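Using the sequences and the hints given, assemble the complete structure.
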Amino acid sequence: ETAVFQTPNYHVTQVGNEVSFNCKQTLGHDTMYWYKQDSKKLLKIMFSYNNKQLIVNETVPRRFSPQSSDKAHLNLRIKSVEPEDSAVYLCASSFRGNTEVFFGKGTRLTVV
Amino acid sequence: GEQVEQLPSILRVQEGSSASINCSYEDSASNYFPWYKQEPGENPKLIIDIRSNMERKQIQELIVLLDKKAKRFSLHITDTQPGDSAMYFCAASDNRIFFGDGTQLVVKP
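Sequence lines, in order, name chains A and B. The letter at position 10 of the first sequence is residue 174 when you use my numbering, and the numbering goes up by one with no holes. The letter at position 65 of the second sequence is residue 84 when you use my numbering, and the numbering goes up by one with no holes.
The hints are simulated quantities; they were obtained by calculation from the structure and are not laboratory data. These figures come from a predicted structure and were not determined experimentally. One or more of the hints may lead you astray.
List time: in silico DSSO-like cross-link candidates among lysine-lysine, alpha-carbon distance up to 27 Å [stated by the list, open to error]: (1) B:87 x A:208; (2) A:200 x B:56; (3) A:235 x A:269; (4) A:188 x A:205; (5) B:64 x A:269; (6) A:188 x B:87.
Beta-carbon label-pair distances, calculated as ranges [to be verified]: (7) A:178 x B:86: 46 to 52 Å; (8) B:97 x A:231: 41 to 47 Å; (9) B:76 x A:233: 36 to 42 Å.
Ideal Cβ positions, reconstructed from N, Cα and C, are used throughout, including at glycine.
Here it is as structure tokens:
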């Protein structure tokens, strides 16, 4: 049963465009995350957001930015996409950092 | 942050045999160690976890072992079935969770 909802499921766009992905969780969790999963299936943390504290993986390019309106929503914006941004972006949530993490179904981004 | 190393990256076993995946971590403050299974086209899902107050946990055919002294933990799947074929991720957390790079398990009939 899905409790972390991501839209869209797929998105194809051209190099240089801006994209925005939405994520909402209905679990009452206080921590949300964005992961990038590349073609090799590596799960790379991009951002975690907890009680208005944002933790950024310093390897994430500045064109990526998270946007949160409340603790149930954490969107991901990419300004000026690059070909290497093609991947599946997984949103997730948990209650604090040391309990089960629930993942959304992912958004597959293809940059042409 | 924490570093989690996971080996092997690919594991091929015969149906009915056991499969073992090993992980190590660096931060002695890590106290929660979950394992996730990701089937093709699906999102990762928790299959079993262990906290630092335990050394062993079993759920049906899944066994996890934790050696805090060596900072190692492992997943053992006994009597593997084709349905066990998937990506498996270990993780370690003290309040921030860090994932290993994953193991592609292939169970051959």
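Hey, residue 235 (chain A) versus residue 269 (chain A), does the alpha-carbon distance stay inside 27 Å? holds, 19 Å
Determine whether the Cβ-Cβ distance between residue 178 (chain A) and residue 86 (chain B) falls within the hinted range of 46 to 52 Å. holds, 50 Å
Are residue 188 (chain A) and residue 205 (chain A) close enough, with their CA atoms no more than 27 Å apart? holds, 23 Å
Can the restraint linking residue 200 (chain A) and residue 56 (chain B) be considered satisfied, given a maximum Cα separation of 27 Å? Distance ~17 Å between residue 200 (chain A) and residue 56 (chain B) Cα, so the pair holds.
Can you confirm whether the C-alpha distance between residue 188 (chain A) and residue 87 (chain B) stays at or below 27 Å? This hinted pair is violated, its Cα atoms lying about 36 Å apart.
Keeping to a limit of 27 Å between CA atoms, is the pair of residue 64 (chain B) and residue 269 (chain A) held or broken? holds, 11 Å
Do residue 76 (chain B) and residue 233 (chain A) keep their Cβ atoms within the hinted range of 36 to 42 Å? At roughly 38 Å between Cβ atoms, residue 233 (chain A) and residue 76 (chain B) fall inside 36 to 42 Å, so the hint holds.
Quick one, are residue 87 (chain B) and residue 208 (chain A) close enough, alpha carbons at most 27 Å? Distance ~25 Å between residue 87 (chain B) and residue 208 (chain A) Cα, so the pair holds.
Does the Cβ pair residue 97 (chain B), residue 231 (chain A) satisfy 41 to 47 Å? For residue 231 (chain A) against residue 97 (chain B), whose Cβ atoms are near 45 Å apart, the range 41 to 47 Å holds.
Going through the hint list in order, the structure does not satisfy hint 6, though it satisfies all others.
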